[in-house]
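J.: These are the residues of each chain, in order.
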Amino acid sequence: MKRVFLGISLLMIVVLSAACARPTATVASDNFADALQAARGKTVTFYGWGGSSAVNSWFDDIVAPSLLAEYGVTLRRVPMNIDQILNKLTAEKQAGDVKGDIDVIWINGENFYTAKQQGLLYGPFADRVENFTRLIDPAASDTKYDFGVAIGGMSAPLGRAQLVFMADSARLATFPASAEELLALARANPGRFTYPAPPDFTGSAFVRNIIYEIVGFDAINNVAADKDAIYDIIKPALDFLNELEPYLWEAGRTYPPDVASLDRMFAEGQILWAMSYTPLQAAQLIAKNEVPATTQTFVFAEGNIGNTHYVAIPFNSPNKDAALALIHHLTSVAMQTAKLDVNNWGDLPVLDINRLSAEERSVLQGVDIGRGVLPIDELLRRRLPEVHARKVAIIEELWRERVLLR
Amino acid sequence: MYRRFKPYILVAPLLVFLGATFYFGLGNGLLQSFGAVPGALESRLTLRYYREVLGETSFFISLLYTVYVALVATVVSNLLGIVGAFAMLGLKRESKWPKFFYQLPLVVPHLVVVILVFHLFSQTGLFSRLAWRLRLVAEANDFPLLVFDPGAVGVILVYLYKQIPFVSMIVFGTLGSISKSFAEVAYNLGASRAMLISQVFLPLLRPTILSVFLMTFTFSFGAFEVPFLLGSPAWNMLPVKAYVYYTNVDLTYRAQAMVVNVMITVISIGLVVAYSHAAHLRQRMGNGGDI
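So the sequences go chain by chain: D and P.
Each residue of the first sequence is one higher than the last, beginning at 0 in numbering that gives the first Met the number 0.
Each residue of the second sequence is one higher than the last, beginning at 0 in numbering that gives the first Met the number 0.
Don't take each hint at face value.
Claimed, not checked - Here are some, though not all, of the chain D residues that point toward chain P, as calculated from beta-carbon distances under 7 Å: (1) D82; (2) G190; (3) A196; (4) T253; (5) Y254; (6) P256; (7) Q269; (8) E396; (9) L403.
Claimed, not checked - Facing chain P, from chain D, some residues (calculated, C-beta under 8 Å): (10) T89; (11) T113; (12) Q117; (13) W248; (14) E249; (15) E267; (16) A392; (17) L404.
What the hints contain is simulated information worked out from the structure, not anything from laboratory work.
Note that this is a predicted model, so its numbers are computed, not measured.
For every residue, glycine included, the Cβ atom is placed at its ideal position computed from N, Cα and C.
Using the sequences and the hints given, assemble the complete structure.
T.: Written as structure tokens, this is what we have:
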């Protein structure tokens, strides 16, 4: 009996090691024109979050056909959450499986930090992409840092997002312009405000925004990424959230588990506000008739957190030339313009307006951003940077311990 | 020679498949729980992650909470399922439709039931709207929180929906195989219907009920997707706790995730071992013993 199992396990080892045979890695062409030439006729595989039909159809109906027409590259989009993508890449790295099947991933923040730290990314590549060097401001803080992590050409910006709040002007006469005003408003309307529980992405950004309001960006930005040190700094903000808690939905005994729940509660009229990390979302919701046409976007007077999302190339991408072609195309004026259009996606562009030709500029500025939203220049003016990705996880932990479970 | 090996050769494909997926995964998880994860802080296997996880009160709070949810779901579903099985016994043999509808939930995936429960029991769900219509609540926020709630009502409801028919089906199967003559003898000796159930049927059903109880308990103890989707953000059942560790930005937290998974596995296997031990004991004492 034992011998048979031994035989079977030996057989398994043989089968498994045969499956782990190592093919060689591909490298990208040095010259960008050569890369575009080599990419022709190839397929580029894009892995990214697929939870938004607007984003998906921007990729499938606008990016894919034009990429094929202009560069002869076929786009294959695989929807997958970034944590799973990184798990997959980590497993492939562990297995020593050099050739993967992902060419481009959609990434930022904590995940970029992890991927870079674990050596899951190929590069630096950004300065080899023509549109990146021509149209994007190398001095912009989000070209240099992603959530406080030095980028060093390991990813290229795709779009900009910003935390915004939304409320129905027919139901709420004044919008809170600060954390203190929010507290006063919640007091006057008990049970009508809440926010998604971190680690939900949007809820986590809201908690950081409150920290900026109460203790200031510099205080949290300058502190070391150490739990005790961060607690000392953000304690007044956590106290504020605890002071707010009894006036929240369900008296703050629990929180909506994610931003989708918050959206639904707002649409159903259970609560008076909603929030989104997609700054033009109000226009989309109004257009789809999911919220009243009197819905209006607002941000705090001191500004709201914004971040930039990027594309990167995995270390084991089988088709790096095609990956460069896709990233070049994604950062073109045409694609960035189409992305800004609220009928497609409504995501802020990453291009430096001063680097565009007069014609390109008028194309980009001519985009109709829809109703109920803030103008793009106001958003960019009231935009606060993100803190280092490692602090995000620590803040989420502290919120859980000191606010949720208090 | 060939005859001796034939059975092993026949089970080999399944064993290889199980080995490559289940046992390989289990072994890998066990290794990772001892610190063999990418980006680990130590190069040797260590017990430090067990100390870290088991040293936190939050682990035991999660454990107790998981036992609470699994126990409530199991006890209620087993009681109702057994009652249901006896109720089905009264049906005529040829009437198949009631049984069909009774067993329909078995083929509905858990995820679908999650959506069903959400749409029925959330604060803006069907029952909330009905209560509003009947002027029982003034607005949606007044309806009691039954999903994402600390009491895990939504999670338990999903398990009840799935487990009651399961328990009924299994218990009914055993009931059907019990000879009718037991009932006739009992009635002949002057037993009432209640006595028949409590003194004849239930003792005969005990092994079945015990195994069904353990099966449903282990499932609701270790299942992930239902508490993940309908659970409270503040109260994590163990599988959700493992997931939260696993998706931490810091990859060394995977060791902690695997520690939690190993603990779930150990408890589940412990229950199965305890059950087979009990079954073995009973067999040695003679089947049933009461009759």
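J.: Of the hints given before, which are not true for this structure?
T.: Violated hint (a single one): 8; every other hint is consistent with the structure.
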